[in-house]
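My request is simple: use the sequences and hints to build the entire structure.
So the sequences go chain by chain: A and B.
Final position of the first sequence in the working numbering is 272; the numbers increase by one with none missing.
Final position of the second sequence in the working numbering is 256; the numbers increase by one with none missing.
It is possible that some hints are incorrect.
Per label pair, the in silico range of CB-to-CB distance [what the hints assert, rightly or not]:
#1 Phe221(A) <-> Val122(B): 14 to 24 Å
#2 Ala254(A) <-> Leu190(B): 43 to 53 Å
#3 His206(B) <-> Leu193(A): 48 to 58 Å
#4 Leu233(B) <-> Arg182(A): 57 to 67 Å
#5 Arg182(A) <-> Val202(B): 44 to 54 Å
#6 Pro218(B) <-> Ser242(A): 16 to 26 Å
#7 Phe214(A) <-> Leu241(B): 15 to 25 Å
#8 Ala169(A) <-> Ala98(B): 20 to 30 Å
#9 Val164(A) <-> Pro234(B): 28 to 38 Å
#10 Phe196(B) <-> Ala169(A): 43 to 53 Å
In case anyone wonders, no lab produced these hints; they're calculated from the structure.
Glycine included, each C-beta is placed from N, C-alpha and C at the ideal position.
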Amino acid sequence: MADYSALMVYLALAAAIAALLVIISGRLSPSNPSIAKLRPYECGVSEPQTTETRWPVRFALVAMLFLVFDVEALFFFPWAVLARELSWNGLLAMGGFFAVLGVGYLYARARGALTWR
Amino acid sequence: MAATDVFVAIVFYLVAATMILAGASMVLARNMVRSALWLVLTLAGVAVMYVLLSADFLAVAQILVYVGAIMILMLFAIMLTPNQVDLPSAAPQAQRISAALTALAVFGISVFVMLSHRWNVRAVPLDAPSSERLGVLLMSTYVLPFEIASLLLTAGMIGAIVIAREE
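Now the structure itself:
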C-alpha cells in the first residue's frame with residue numbers, strides 16, 4: 156500500500172469536526188419546538204411549495220459545463236505529479252490540451268453560457 | 090499476515106458492506122432524489138476500492154467525476170423531469186417483471202464470469218502509484234489520444250450550449 160496515512164488523518168479530522176459541530180449545536184441550543192418552528196420554510200416564505208415544478212434548462216447547462224471543466228481538471232493530475240520531470244514536453248502537451256478547451260471556454264463566454272440570466 | 094494486510098482487509102469488508110447496503114437502499118428508495126444520494130455513497134465506496142487496488146488516479150477520477158459531476162448531472166436530470174421525484178407505483182406490472190428478469194440475468198452472468206474465469210491473484214497487494222506512470226504515458230506515447238480527449242470535451246461543451254441555449 157502506498158502511504159495514505161495523511162489522507163486518513165485528514166478524513167478522520169474532517170469527520171470529527173463535522174460530528175463535533177453537530178453534537179455541540181445540538182447540546183447547547185435550547186430545544187423549544189412548536190408547530191411553526193418545525194415547518195419547512197424558505198426565506199420567510201411560510202407555505203412550502205412543491206418542488207415538482209418545471210425548472211429552467213439553464214441548470215442542466217451549468218451542470219454540463221461543470222462536468223466538462225471537472226474532467227479537464229482531472230487530466231491535470233497525472234501531469235501535475237510529474238510536472239518537473241516531464242519538463243517542456245509535458246508543458247507543451249498540457250498547453251495544447253488547455254488551448255483546445257480554451258476555445259470551448261471562449262465559445263461559452265461569447266454565447267453567454269456562463270452568465271446567469 | 091502483516092498489519093497492513095489486516096488493515097486492508099478490514100477496510101475492504103467494511104466498505105463492501107456499506108456499498109451493498111447503499112446499493113440496496115438506492116434500489117429500494119421510493120424517492121428518486123434519495124436514490125441518487127444513496128448512489129453517491131455507493132460510488133464513493135468504489136473510489137475506496139480503487140485506492141485499495143493502488144489505482145490512485147482512478148480513485149481521484151471516481152470522486153471528482155462520478156461522485157461530483159455525474160451525480161450533480163443526475164440530480165439536475167431528476168429535477169428537470171416533472172412529476173418523477175416520488176415513485177409510489179410508477180412502474181407497471183409488465184415493466185417490473187422484465188426489470189426483475191434483466192436484473193437476474195445480469196446477476197447470473199456476473200456470477201458465472203466470477204466463478205468460471207481464472208483470475209490472476211497476486212500474493213501481495215499491488216504497491217505502485219499509477220498517476221505518475223499514467224502521466225508519463227499520456228505525455229509521450231499517448232499524447233495524441235490525450236489531445237483528442239480535449240477536442241471531445243470541447244465538442245461536448247459546444248453541443249451542450251447549442252442544445253440548451255435560450256433565445
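Consistency of the hints with the structure:
no.: 1; hint: Phe221(A) <-> Val122(B): 14 to 24 Å; in the structure: holds (19 Å)
no.: 2; hint: Ala254(A) <-> Leu190(B): 43 to 53 Å; in the structure: holds (50 Å)
no.: 3; hint: His206(B) <-> Leu193(A): 48 to 58 Å; in the structure: holds (55 Å)
no.: 4; hint: Leu233(B) <-> Arg182(A): 57 to 67 Å; in the structure: holds (60 Å)
no.: 5; hint: Arg182(A) <-> Val202(B): 44 to 54 Å; in the structure: holds (52 Å)
no.: 6; hint: Pro218(B) <-> Ser242(A): 16 to 26 Å; in the structure: holds (20 Å)
no.: 7; hint: Phe214(A) <-> Leu241(B): 15 to 25 Å; in the structure: holds (23 Å)
no.: 8; hint: Ala169(A) <-> Ala98(B): 20 to 30 Å; in the structure: holds (24 Å)
no.: 9; hint: Val164(A) <-> Pro234(B): 28 to 38 Å; in the structure: holds (37 Å)
no.: 10; hint: Phe196(B) <-> Ala169(A): 43 to 53 Å; in the structure: violated (36 Å)
When the structure is compared with the earlier hints, a violation turns up for hint 10 alone.
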